[in-house]
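Model the placement of chain X on the given structure of chain Z, informed by the hints.
Number of protein chains: 2
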Amino acid sequence: MKDITLKEIAIKLGISITTVSKALKNYPDVSQKTKSAVIELAQKLHYTPNSFAVNLRTKESKTIGLIIPEVMHHFFSNVINAIIDEAEKNGYLVIILQSNESLALEKKQVELLINKRVDGILMSLSNESNNDEHIQQIVDRNIPFVMFDKISKLCKCSKVIIDDQKAAFNAVQHLIDNGCKKIVHIRGPLNPQNAIDRYIGYKKALEKNNIPFDSKLVYTCENVTFQEGIDFAKQIIEEHPDVDGIFAITDLVAVGVLSYFNDIGIKIPEQVAVIGFSNWFMSQVLTPKLSTVDQPSHEMGVESFNLLLEQMNCHKLDQPFVPRTVLLETAVIARESSLK
Amino acid sequence: MKDITLKEIAIKLGISITTVSKALKNYPDVSQKTKSAVIELAQKLHYTPNSFAVNLRTKESKTIGLIIPEVMHHFFSNVINAIIDEAEKNGYLVIILQSNESLALEKKQVELLINKRVDGILMSLSNESNNDEHIQQIVDRNIPFVMFDKISKLCKCSKVIIDDQKAAFNAVQHLIDNGCKKIVHIRGPLNPQNAIDRYIGYKKALEKNNIPFDSKLVYTCENVTFQEGIDFAKQIIEEHPDVDGIFAITDLVAVGVLSYFNDIGIKIPEQVAVIGFSNWFMSQVLTPKLSTVDQPSHEMGVESFNLLLEQMNCHKLDQPFVPRTVLLETAVIARESSLK
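Chains as they are written, first to last, in the UniProt record's numbering: chain Z, 1 to 340; chain X, 1 to 340.
If we strip away everything but chain Z, and leave its shape as in the complex, we get (with noise of 0.2 Å):
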């Protein structure tokens, strides 16, 4: 169907283009008369005014660009899900892209929503990514932008994160409070950020405690599966047989962890205790209930939303405006699979 346009509405009512524009933006110098002939008419021949053009002339699109690592992760969701809300209630709509932790990927999803003139860019970055010249473009190119979770350290942009260090730090200590002696860390890949300070965090809680740090007891993912936390469970228990704790990178690998000692009859947390991270919803309803620390997701969202709406509407006004860090709180959360 073709699309109606001012003109055809002007004709049919024997009025000018200008009039018909007019009633439609309710100005005052149209007779109520018109005004509602023309609105009938409209609404009959299901007029649309083209946001084309209507964004010529603003310069805006109120549209956002959202990149993430996956759709398919429960942390993701529940951020997507408040952004999404967030800007729905400020007239927003959301483009949401996944890099599917692609470096080359998420290259191209940057330049297309560059080209799709975006009023702002929210990110999580994937895990090949780091303070890259596509992310240097959004900044050069003064796009209202803000980093959530994965975030480059470098890039002089708004962020929105957790202390992943403390986290960590809290989710360790927690272990050794609990009786562990011989904590395995089964960490993310080497490259992002999160991944390398929730490590951190795994050494520090030792050193504070006294527990010689040793390399063998440091497992990688490369992709942080439940698969990956079933093989490394076996692997673990194989070549430490004496472990007495496992702090994992997130509830994922976690609950492969779980799944695997609980077919194989290892006892939760009597022989080994379990923490993960991130509180996944399945984690509370496993056998045994599954302990971790609570990662505000729903409180980044719209955190994020808020600080990138802050950069466009100064933007708009042509104002300056001062990246920050906003820095969310995280708790451990004390389950079944850790208390001895």
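Calculated from the structure, these hints are not laboratory results.
Any given hint could turn out to be false.
One copy or two, it doesn't matter: identical chains are merged, so the pair holds either way.
[Stated by the list, open to error] Pairs of lysine-lysine residues, derived as BS3-like cross-links and limited to a Cα-Cα distance of at most 25 Å, are as follows:
| hint | residue 1 | residue 2 |
| --- | --- | --- |
| 1 | Lys203 | Lys216 |
| 2 | Lys116 | Lys62 |
| 3 | Lys234 | Lys289 |
| 4 | Lys7 | Lys59 |
| 5 | Lys25 | Lys108 |
| 6 | Lys44 | Lys316 |
| 7 | Lys116 | Lys316 |
| 8 | Lys108 | Lys22 |
| 9 | Lys35 | Lys108 |
| 10 | Lys108 | Lys204 |
Relative to the frame of chain Z, chain X by itself:
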């Protein structure tokens, strides 16, 4: 930062705007030397072709809209994941909106997407929606449109669905085959077509096996939550202590049932067998592992996008398109919670 225009590049290089435009589009009548100079300067100045202008010319936005009831839902995140990836492969961006099961919000969102001139709309209905005016409007305006999973039977558009009646019939037959004689159905709300169909499937399975239908054994969820599963489990065991099987509308509710029964020591499946629907990830890691119906969520996303793409391509060429319905296969996944 102000956007760079073709005019500025032209002035800086002392050539015409037409030549700049042709150079960027690699026209053969522009010399290689000029092309190189234009491209080099455009890159240096971060020139981006104005995509709104492009839109006015091609009448395409290369953007589609996706409206779903909720993002934070295992089934829907799977579908979103597939749709985003499939769209990306085909050069489309996806705007995602969630209706939060509200008809009013869904109506507003359809309006927004139409005003945004998306090239097509994918939609799974809220629990409150049916063949309402806003749905009819999409069809009347000839906007490419595919409904999936939660659909309106009356709407004349393409659909990607499963056979909910058959799938539910098979789930209940599975319970009967495993010795269940008094089976409760925890159903979804009264309005959504898939909840109605699963309820009909439940009744048909009883009928086929000469088990009298008893409306007191049907419990109706309002919001289809984990907590409702817990609450109904309590109510069921108080009102009908001799129930030996439960078929829940979705895994999330079944997990609530499992959780409550585990807590109070009711043996699953020995005393009560339980089967859910949708095969959520967590179902396989629970104790006992939850039986369920596998619903091809990824395939549903892929099929929905490709059906939409076909219609968008026809639309672009002003060719007729006849809507069609794609029916995807389901399968009962028998795990510990139902194998007596």
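The hints, checked one at a time:
1. Lys203 / Lys216: So lysine 203 and lysine 216 pass the 25 Å test inside one copy only (13 Å; across, 58 Å).
2. Lys116 / Lys62: Answer is both: 11 Å inside a copy and 10 Å across each meet the 25 Å cutoff.
3. Lys234 / Lys289: Intra 20 Å, inter 20 Å, cutoff 25 Å: intra and inter.
4. Lys7 / Lys59: For lysine 7 and lysine 59, both the intra-copy (24 Å) and inter-copy (18 Å) Cα distances are at most 25 Å.
5. Lys25 / Lys108: between (39 Å within a copy, 19 Å between copies)
6. Lys44 / Lys316: Between. Shortest inter-copy distance 24 Å satisfies the 25 Å Cα cut-off; intra-copy 35 Å does not.
7. Lys116 / Lys316: both (17 Å within a copy, 20 Å between copies)
8. Lys108 / Lys22: between (41 Å within a copy, 24 Å between copies)
9. Lys35 / Lys108: between (46 Å within a copy, 23 Å between copies)
10. Lys108 / Lys204: neither (38 Å within a copy, 51 Å between copies)
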